[in-house]
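Model the placement of chain B on the given structure of chain L, informed by the hints.
Take a look at the letters that make up each chain.
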Amino acid sequence: MSRLAAKFAELKLQGRKALIPFITAGDPYPAFTVPLMHKMVAAGVDIIELGAPFSDPMADGPVIQRASERALAHKVGLSKVLALAAEFRRQDQSTPLVVMGYLNPIEIMGYEAFANAARRADIDGVLTVDMPPEECANCVVLLREREVDQIFLLAPNSGPERIRQMDAAGSGYLYYVSLKGVTGAGHLDTGEVERKLLEIRANTQLPICVGFGVKDAETAAVIAKLADGVVVGSALISKIEQHLDDPLQAEKEIIALLQSMRQAMDS
Amino acid sequence: MTAKYDMPDALGHFGPYGGIFVAETLMPAITELNQAYQHYLSDQDFVAELDADLKHYVGRPSPLYHAERWSRELGGAQIYLKREDLNHTGAHKVNNTVGQALLAKRMGKTRIIAETGAGQHGVATATVAARLGLECVVYMGAVDVARQSLNVYRMKLLGATVVPVQSGSKTLKDALNEALRDWVTNIDHTFYIIGTVAGPHPYPAMVRDFQAVIGREAKQQCLEQAGRLPDALVACVGGGSNAIGLFYPFIDDAGVKMFGVEAAGDGIETGRHSAPLSAGRPGVLHGNRTYLMADDDGEIIETHSISAGLDYPGVGPEHAWLKDSGRAQYVSITDEEALGGFHALTKMEGIIPALESSHAMAYVSKLAPTMAKDQIIIVNLSGRGDKDMQTIAQYEGIKL
Numbered sequence: 001m002s003r004l005a006a007k008f009a010e011l012k013l014q015g016r017k018a019l020i021p022f023i024t025a026g027d028p029y030p031a032f033t034v035p036l037m038h039k040m041v042a043a044g045v046d047i048i049e050l051g052a053p054f055s056d057p058m059a060d061g062p063v064i065q066r067a068s069e070r071a072l073a074h075k076v077g078l079s080k081v082l083a084l085a086a087e088f089r090r091q092d093q094s095t096p097l098v099v100m101g102y103l104n105p106i107e108i109m110g111y112e113a114f115a116n117a118a119r120r121a122d123i124d125g126v127l128t129v130d131m132p133p134e135e136c137a138n139c140v141v142l143l144r145e146r147e148v149d150q151i152f153l154l155a156p157n158s159g160p161e162r163i164r165q166m167d168a169a170g171s172g173y174l175y176y177v178s179l180k181g182v183t184g185a186g187h188l189d190t191g192e193v194e195r196k197l198l199e200i201r202a203n204t205q206l207p208i209c210v211g212f213g214v215k216d217a218e219t220a221a222v223i224a225k226l227a228d229g230v231v232v233g234s235a236l237i238s239k240i241e242q243h244l245d246d247p248l249q250a251e252k253e254i255i256a257l258l259q260s261m262r263q264a265m266d267s
Numbered sequence: 001m002t003a004k005y006d007m008p009d010a011l012g013h014f015g016p017y018g019g020i021f022v023a024e025t026l027m028p029a030i031t032e033l034n035q036a037y038q039h040y041l042s043d044q045d046f047v048a049e050l051d052a053d054l055k056h057y058v059g060r061p062s063p064l065y066h067a068e069r070w071s072r073e074l075g076g077a078q079i080y081l082k083r084e085d086l087n088h089t090g091a092h093k094v095n096n097t098v099g100q101a102l103l104a105k106r107m108g109k110t111r112i113i114a115e116t117g118a119g120q121h122g123v124a125t126a127t128v129a130a131r132l133g134l135e136c137v138v139y140m141g142a143v144d145v146a147r148q149s150l151n152v153y154r155m156k157l158l159g160a161t162v163v164p165v166q167s168g169s170k171t172l173k174d175a176l177n178e179a180l181r182d183w184v185t186n187i188d189h190t191f192y193i194i195g196t197v198a199g200p201h202p203y204p205a206m207v208r209d210f211q212a213v214i215g216r217e218a219k220q221q222c223l224e225q226a227g228r229l230p231d232a233l234v235a236c237v238g239g240g241s242n243a244i245g246l247f248y249p250f251i252d253d254a255g256v257k258m259f260g261v262e263a264a265g266d267g268i269e270t271g272r273h274s275a276p277l278s279a280g281r282p283g284v285l286h287g288n289r290t291y292l293m294a295d296d297d298g299e300i301i302e303t304h305s306i307s308a309g310l311d312y313p314g315v316g317p318e319h320a321w322l323k324d325s326g327r328a329q330y331v332s333i334t335d336e337e338a339l340g341g342f343h344a345l346t347k348m349e350g351i352i353p354a355l356e357s358s359h360a361m362a363y364v365s366k367l368a369p370t371m372a373k374d375q376i377i378i379v380n381l382s383g384r385g386d387k388d389m390q391t392i393a394q395y396e397g398i399k400l
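Line by line, the protein sequences give chains L and B.
Going by the working numbering, the residue at position 41 of the first sequence is 41; the numbering climbs one at a time, nothing skipped.
Going by the working numbering, the residue at position 387 of the second sequence is 387; the numbering climbs one at a time, nothing skipped.
For the record, the hints were derived by calculation from the structure and aren't laboratory data.
Note that the coordinates shown come from a computational prediction; the quantities given were computed from them, not determined experimentally.
Yeah, the Cβ is synthetic: ideal placement off N, Cα and C, and Gly gets one too.
Accuracy of the hints is not assured; some may be wrong.
From the structure, some residues in chain B lie toward chain L, with a derived Cβ separation under 8 Å [unchecked claim]:
| no. | residue |
| --- | --- |
| 1 | 24 |
| 2 | 145 |
| 3 | 177 |
To spell it out: a stretch of chain B is covered by chain L in this simulated footprint if at least three of its residues, at any positions, have a beta carbon under 8 Å from a beta carbon of chain L; those stretches are [said to hold, decoys possible]:
| no. | segment |
| --- | --- |
| 4 | 6-20 |
| 5 | 105-119 |
| 6 | 178-184 |
| 7 | 257-271 |
| 8 | 280-288 |
Extracted from the complex, chain L is given alone in its bound form (with noise of 0.2 Å):
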């Protein structure tokens, strides 16, 4: 079983739901990324999303554009971040990790040498911004024969069809994006949530995590009595666009709210 099913397994048998920090690998400078990924599992998060920074993050909103600008300035490209998710990996074996990106830079790598680099970075999941299922098929059989999940998007203009087509193709868990819009965009209509999440699981046995628009303690809470996991992202990032200056300080705040959200969740 792969790291992500057992996460989902054991988290289903504790009766909780999973909460997903997402941060951009290498922003505000590679060193912070790998002591941060530790202090947030402490913190007790499930699964993390390290973002993989694109010099053209197309679905992504000003905060994490910017956060992408950071790191790329340092250099981080694709091979850095799965470097960096190695070095977590040391001494961390068993917090399923996804790098979430777009399609070029493992394009330019090469769907089988970055198949191949992330099964020796040992991460659990792969969720592609810009690569529909229509697109994929080559790519997901060699992450699955390496025991890697490929993770895909489901909006909320999916139909049912789509849906089906994404539980198809897709393993680990599925991610509904909240709204239509960016990353960071205003916020999230539970109720229009609470409705879709209903049609999507009419039509996958896949675990569902939302993210796009959850900002607080509050909307953390009420995504996870609906959902089976909450992502956090462009929250968090913000903590460290406002204090570049002092790096640990946006580090103590971005331990700070997802405690709180953990609190909420479980409460």
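Frame of chain L; chain B shown alone:
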């Protein structure tokens, strides 16, 4: 050639290129667009309305002009200019915006967005939006806003909101990113008019089909004027819409050579250029697989060209396919050579070409002397140079 050219396939593939590489939120909108485009492509009413607009609003057909003096001067092939510079708004871009805007109207969309580099596509979009009474937002890199201030003013006069894009390299690729972000957010009522043969399927095929009027006319005009097909076609390639518009109706005519001219900027060897077909590699950007300017990590490299309209790190996927299949050849012209082409046409024929088109002119001045006097080159004069006066004066150290 026996088999008729029929690219792309149903999912928008030109061999390994093209396709649909977008975030999931865009998929339903792209499906809706593709269905509408497939439907109206063969809808008599739609085609008649489009033809009438091209005739009465754009001013088509554009002339095919035999540049006799310049041909004599170069001493080789006879050069014919396809005068897209004479279209309303001064470039070929309007052929496509008229078509897409009619499609938007039929689909019931009330808001138009577009990206623009040099501003020609932005102006052509703002123009048709004004005519149809649609809200229009144009995304333009902050660097381009500064170097094409005249076009920014034109768009504003036409009632469009111009949004300067501050992210990344602040040029055309970043404007495209921002337009995609807008589209994903406002997907229910917004139509995204992409200006070139890039983006996810159906854009590369749809924009080609709207621009193919260039090649259809040129073919007929050449037969009428010279009694035969041309020997070579030449067009500049940024994203590649004017080139594909000229090339496409000739693809099955094996005797007609095709030359796409990319921007070599300071020179391919300097790395400061915008020539992905000449010096790039295949990758995925802005919804399709094509040749790109990317580094070893897959990050997109900043491009350079004196011409804002060619300053783009990718190229339409059909050009990638035409290159690999050998049907078209792709060459490159530096900033300095392009200026040579600019001056040559201006002085020899009394026609001031856009800097983009000047790249094609510069290549013609190399190609024509290698050909016989009874051979024919059709070169796409894709736009007029009025917008470039400041850039050229500045480059040549002249104060206006």
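Inset, instruction - Any hints from earlier that this structure breaks? Give me their numbers in increasing order, please. - result: 2, 5, 7
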